Amino acid sequence: MKPAPFEYHSPHTIEEVVALKSQYGDEAKFLAGGQSLVPAMNFRIVQPSVLIDLNRVAELSYIREEGEAILIGSMARERHLEFNEAIKNRTPLLHEAVPFIAHPQIRNRGTIGGSIVNADPAAELPMLMIALSARLKAKNKSGERWVEAKDFFAGMFTTALEPDEALVEIELPFAKPNTGWSFTEVAPRVGDYAMMGVATLVTLDKDKKCTQAKLVYLNAGDGPVEAFEAEVLLVGNVLDDKLIESAASHASEKEITPFGNIHASADFQRHLANSLTKKTLKQAVQRAEETL
Amino acid sequence: MTQKFAITVTVNGTEYQRDVEPRMLLSDFLRHELGLTGTHVGCEHGVCGACTILFDGESARSCLTFAVQADGHSITTVEGLALDDDNLHPLQQSFWEAHGLQCGYCTPGILMSMVPFLKQNPNPTEDEIRHALSGNLCRCTGYQHVVDAVKLASEKMK
Numbered sequence: 214m215k216p217a218p219f220e221y222h223s224p225h226t227i228e229e230v231v232a233l234k235s236q237y238g239d240e241a242k243f244l245a246g247g248q249s250l251v252p253a254m255n256f257r258i259v260q261p262s263v264l265i266d267l268n269r270v271a272e273l274s275y276i277r278e279e280g281e282a283i284l285i286g287s288m289a290r291e292r293h294l295e296f297n298e299a300i301k302n303r304t305p306l307l308h309e310a311v312p313f314i315a316h317p318q319i320r321n322r323g324t325i326g327g328s329i330v331n332a333d334p335a336a337e338l339p340m341l342m343i344a345l346s347a348r349l350k351a352k353n354k355s356g357e358r359w360v361e362a363k364d365f366f367a368g369m370f371t372t373a374l375e376p377d378e379a380l381v382e383i384e385l386p387f388a389k390p391n392t393g394w395s396f397t398e399v400a401p402r403v404g405d406y407a408m409m410g411v412a413t414l415v416t417l418d419k420d421k422k423c424t425q426a427k428l429v430y431l432n433a434g435d436g437p438v439e440a441f442e443a444e445v446l447l448v449g450n451v452l453d454d455k456l457i458e459s460a461a462s463h464a465s466e467k468e469i470t471p472f473g474n475i476h477a478s479a480d481f482q483r484h485l486a487n488s489l490t491k492k493t494l495k496q497a498v499q500r501a502e503e504t505l
Numbered sequence: 026m027t028q029k030f031a032i033t034v035t036v037n038g039t040e041y042q043r044d045v046e047p048r049m050l051l052s053d054f055l056r057h058e059l060g061l062t063g064t065h066v067g068c069e070h071g072v073c074g075a076c077t078i079l080f081d082g083e084s085a086r087s088c089l090t091f092a093v094q095a096d097g098h099s100i101t102t103v104e105g106l107a108l109d110d111d112n113l114h115p116l117q118q119s120f121w122e123a124h125g126l127q128c129g130y131c132t133p134g135i136l137m138s139m140v141p142f143l144k145q146n147p148n149p150t151e152d153e154i155r156h157a158l159s160g161n162l163c164r165c166t167g168y169q170h171v172v173d174a175v176k177l178a179s180e181k182m183k
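Which chain is which? The protein sequence lines are A and B, in order. Under my numbering, the first residue of the first sequence carries the number 214, and numbering increases by one thereafter. Under my numbering, the first residue of the second sequence carries the number 26, and numbering increases by one thereafter.
No lab work stands behind these hints: they were computed from the structure. You may find that some hints are simply not true.
Straight line, CA to CA, 27 Å or less: simulated BS3-like cross-link-like pairs of lysine-lysine [said to hold, decoys possible]:
1. A:K363 x A:K422
2. A:K455 x A:K467
3. B:K29 x A:K242
4. A:K455 x A:K301
5. A:K389 x A:K354
6. A:K301 x B:K29
7. A:K301 x A:K242
8. B:K29 x A:K215
9. A:K215 x A:K301
Bear in mind the structure is a predicted one, so any value in this text is a computation, not a measurement.
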């Protein structure tokens, strides 16, 4: 057999989940969709002594609207996000981005919570959580707390979760009125890990001046990278081609820190970031203008 | 000795009961415990797609799921496609007619990916077929005849 032996638990309720995590702490890993964890276990790169399987916890799998937000259980499958009407209408950025995640066969199993907690800098969902200003609900035996997505990612494959906590829910605020969105990435082949990707949001006022902008990158550092300075360049201005070009240059040259790999040198990643930033900004502006 | 779990899994309509170690992959369970060697094992990290099966009707990598997770669920493998020995599934028939395989190693995984794809998208364009095939690696055909076979199947299945 490929993976090393482990003790297996398959709880049915959140209460049982947090009790088990509190008992085993760092010794235990959660098994969500398993699309990143199981490959690592097959190669014995990861050998957890205890596995807590979340797949039978029915109360962790839902997508619903509540107030001005979409609430998503951490075990909602990526494939469910892809075809959900509320997500399509309320957070179109997420709707546009999900089909870029791996292949349908992977999205059928992979979960939103699993990808977020895995915190792979090259993954789509962590950076999307920051772009969408998500809040993430962590729960342990004694209570729960909300963490802003921007405070959740703590470096390569690392999050703000404590050893006794589980991510149980994701809250996505509805897109603001007059907001345009765009997501794109470049991968060697469809479904492969992207060499570079960017999620872009632009909110315009009635004079077409930008009131809010988000530029968040994947595979551009040791976690999701937000280009705060480039966003500042955009806010308060009409987003013409010249401004878009300077924001793209600034973000790709000064704010991201890609490492480069076998598929793309760091320089090429910066080149992609520049070009994808321009492309997505233009599309986001166009989509925002259509709502004015 | 690792604890074993008693599981009941329906595979291609037949119910099987076995005791398995939790670390046993679903791919190994199908091949070694049930003798269903049509599900092939390639990379064992979810990249090649050779081990693709249907898990409750949806395509998934059997090398990235533990057998114990299939307890109470329904699995379809390539052995479950043909009606009987003399009547291939129209998708299989199309692969035969359009020469959609050479060595055949990737074929079961491709078939199990294309069955739900064609159900969801009965009239795919060539571009959509190529997109849908992106999660299955084939090192012989260059894909052209695979694309032709899927296209032919979509016409047969109308």
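Consistency of the hints with the structure:
1. The suggested pairing of K363 of chain A with K422 of chain A holds, with an alpha-carbon distance near 25 Å, which does not exceed 27 Å.
2. With a C-alpha separation of about 18 Å, the suggested pairing of K455 of chain A with K467 of chain A holds against the 27 Å cut-off.
3. For a cut-off of 27 Å, the pair hint linking K29 of chain B to K242 of chain A stands: about 19 Å separates their Cα positions.
4. Taking the CA atoms of K455 of chain A and K301 of chain A, the gap is near 31 Å; set against the 27 Å cutoff, the hint is violated.
5. For a cut-off of 27 Å, the pair hint linking K389 of chain A to K354 of chain A is broken: about 35 Å separates their Cα positions.
6. Between K301 of chain A and K29 of chain B, the direct Cα distance comes to roughly 43 Å. Violation of the 27 Å bound is thereby established for this hinted pair.
7. With a C-alpha separation of about 32 Å, the suggested pair K301 of chain A and K242 of chain A falls outside the 27 Å cut-off, and the hint is violated.
8. For the given pair, K29 of chain B sits about 16 Å from K215 of chain A by alpha-carbon distance, which is consistent with the 27 Å threshold.
9. With a C-alpha separation of about 40 Å, the suggested pairing of K215 of chain A with K301 of chain A is violated against the 27 Å cut-off.
In the structure shown, a violation is registered for the earlier hints numbered 4, 5, 6, 7, 9, in ascending order.
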